[in-house]
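Participant: Read off the chains here:
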Amino acid sequence: MTTDTENSSEENLPTIQKVISILWPSFVMAAFATIFFFTVFSPSELALIKGWTDVSNLAGYTIGFFLFWLLTALSCALTCFFRKPCTPKYYKNTDELDDAEE
Amino acid sequence: MSEEKKISKQATSSSNKDDSGTMYKKRDKIYPRETKGVFSRLRNIAMLALLGIYYGLAWLQWDSHQAILFDLPARKFYIFDLIFWPQDFFLLTLLLIVAAYSLFFFTALAGRLWCGYACPQTVWTEIFLWFERKIEGSRQQQIKLDKQPISTAKLTRKISKHVVWLIFSLWTGFTFVGYFTPIRELTTEFITWNLGPWETFWIFFYGFATYGNAGWLREQVCIYMCPYARFQSAMFDKDTLLVAYDEERGDPRGARKKGVDPASIGKGDCIDCKLCVQVCPTGIDIRDGLQYQCIGCAACIDVCDEVMDKVGYPRGLVRYTTDHAIHHEASPILRPRVIIYAAILLLLLAAMAYAIVSRNPVGLDIIRDRNTLYNETPMGLVENVYTLKVVNMTDHKQTYELSVSGLPESKLLGDYKNMQVASGEVGSFVVRLQVDPIVLKRPSTAVEFHLQSTSQTDLAVTETGKFLGPLVQ
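Chains as they are written, first to last, in numbering that gives the first Met the number 0: chain A, 0 to 101; chain B, 0 to 472.
The shape of chain A in the complex, shown without the other chains:
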């Protein structure tokens, strides 16, 4: 019962909140991941292993951050996607619920 009402409110979220719930938590986590990862590994030293000599640290941080962000954003997007209700019956129920509320 409670989950139904919660889900129905989730469906009615403002677009901005939907966009933010994908881009924002992933941004924060990507920032953390970048800090942790590059505290341990220096980007230019990592690049040397691959034989790339012209990768500056700043370039490494930037590319690393955006790769992390891409991954975390994908993960957030998948979470949001799988949270969508799948049974058509569900919609009927919430309509009734909404009617009852009003």
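Hints are not guaranteed to be accurate.
Here are the simulated lysine-lysine pairs, DSS-like style, with alpha carbons at most 27 angstroms apart [what the hints assert, rightly or not]:
(1) Lys49/A with Lys35/B
(2) Lys153/B with Lys133/B
(3) Lys273/B with Lys388/B
(4) Lys17/A with Lys83/A
(5) Lys28/B with Lys17/A
(6) Lys157/B with Lys35/B
(7) Lys35/B with Lys388/B
(8) Lys75/B with Lys49/A
Partial list, derived from the structure: chain B residues whose beta carbon lies under 7 angstroms from chain A [stated by the list, open to error]:
(9) Ile67
(10) Leu81
(11) Pro85
(12) Phe88
(13) Phe89
(14) Thr199
(15) Tyr223
(16) Ala228
So the derived list for chain B, only partly shown, Cβ under 10 angstroms to chain A, looks like this [claimed, not checked]:
(17) Pro196
(18) Leu216
(19) Val220
(20) Leu344
Hints are computed from structural coordinates only; laboratory data are not their basis.
As the structure is a prediction and not an experimental result, all values here were calculated from the model.
Built from N, CA and C at the ideal position, the CB exists for glycine as well.
Dock chain B against chain A, hints included.
Facilitator: Showing chain B alone in chain A's frame:
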């Protein structure tokens, strides 16, 4: 959860019915009316001080370096006299915990002080609102302008507002990058049109984020993005300072003629002018009670006091108070929650200060030569080769000397004397250690390397390394 939802529903429905002639639709632009008063002045002082620190501190020089510089390419952070290295990472973790506890402490004590006065989102939104008011005029003029059909006058105002916002945002982005790349170098690079691609990228990225957050998203950042707003209720109790409307005194609300005693017509002190709703930067009605959208900026207190002065009622219909105080109960400042938060905070601060002071400003890494296990010299001695990385975290150039123990009658060769490392640098030295194989009892022996500064006796470090030799029969 359901209660919170109800509250927010109320909030939106009441702000929908604004009396300013506009029917607010959900998530429509909020035009906060400008306020004048004690708390607006406090907010402006906080805003100017914080912006001044942000834009000014980047230019401050300290000794031979920028006072605050997070030198990412060289992987060290300068904060005035202190230099931090990747190995000081735990201090950053400690700092984050201290910051979290400060937030808990101040929230329990004084509610959302951070949100109303110090949060960058509030500070930059305020300065962007100031630009907007200077260019588009007051709240009424802005609403009127937005309703007008497109004209040259409207376009000029709109475009100039965005140009000013963008320039200010790019300056913000430039300053941000200036904390990572020395800002004076950055300025020279900018003047000679020689900015590096990554610096340029981050100036635009941060500038764009500023423009978007302070110009467009504004209160939506507080409502949808801020985790603090969602969990602050956990730190609140009935003695936490908050901005509240005195319902007992104000209700029933309603218009009345000037000079009429409200009690005689069965009304409270609230004249229902709705100015408190118009000044609210998050568009809520404070009279609906405590709402998580309220950032505690106290704009409604200022405007309500002004109105109370005009109609001749006492000030403080909307005021800083606590839940207990507004219901005429005792409201102590010192209570277990506050004392516990304060104690933990002090403990953490002391731990952090101790950790910073007791950092060993000399670091030693011992790297054994990877290519050979050991060499045998023509004299029949066994030799190991090491590369030493010596980190000098002091603010002076240092000269070190190396000695070893753990191997009887061992002999050091190479750069083990007069090892010079400049302040904030890592020196690399190759040393060879030779020993008679007779003393080796195992193929691998632990050896202690002592590094000692020649000028400062207390500047020393000891690290353990391995000495490899032939299998002993």
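Participant: Against chain A, is Ile67/B within 7 angstroms by beta-carbon distance?
Facilitator: 18 angstroms, violated
Participant: Hint validation: Pro85/B versus chain A, beta carbon distance must be below 7 angstroms. Holds or violated?
Facilitator: 5 angstroms, holds
Participant: Straight-line Cα separation of Lys273/B and Lys388/B no greater than 27 angstroms?
Facilitator: This hinted pair is violated, its Cα atoms lying about 68 angstroms apart.
Participant: Hint Tyr223/B vs chain A: min CB-CB distance below 7 angstroms?
Facilitator: This hint holds: Tyr223/B lies near chain A, its Cβ roughly 5 angstroms from the closest one there, short of 7 angstroms.
Participant: Would you settle whether the hint for Pro196/B is holds or violated, based on the nearest Cβ-Cβ distance to chain A being less than 10 angstroms?
Facilitator: For Pro196/B, the interface hint holds, since the closest Cβ of chain A sits about 8 angstroms away, which is under 10 angstroms.
Participant: Grab the minimum C-beta distance from Phe88/B to chain A and call the hint holds if it beats 7 angstroms, violated otherwise.
Facilitator: Phe88/B check passes; min Cβ-Cβ to chain A is 5 angstroms, inside 7 angstroms.
Participant: Given the hinted pair Lys17/A and Lys83/A, is their Cα-Cα distance within 27 angstroms?
Facilitator: Holds, because 12 angstroms separates the two Cα atoms, which is no more than 27 angstroms.
Participant: Please verify whether Lys35/B and Lys388/B have alpha carbons no more than 27 angstroms apart.
Facilitator: 60 angstroms, violated
Participant: Within 27 angstroms, alpha carbon to alpha carbon, are Lys75/B and Lys49/A?
Facilitator: The hint holds at about 24 angstroms.
Participant: Does the interface hint hold: is Ala228/B within less than 7 angstroms of chain A, judged Cβ to Cβ?
Facilitator: Hint violated; Ala228/B Cβ to chain A Cβ min 13 angstroms, cut 7 angstroms.
Participant: Would you mind confirming whether the straight-line C-alpha gap from Lys49/A to Lys35/B stays at or under 27 angstroms?
Facilitator: Judged against 27 angstroms, a Cα distance of about 61 angstroms means the pair is violated.
Participant: Answer holds if the nearest beta-carbon of chain A is closer than 7 angstroms to that of Thr199/B; otherwise answer violated.
Facilitator: Hint on Thr199/B: violated, closest Cβ of chain A at ~11 angstroms, above 7 angstroms.
In this structure, the hints that do not hold are numbers 1, 3, 7, 9, 10, 13, 14, 16, 20, in rising order.
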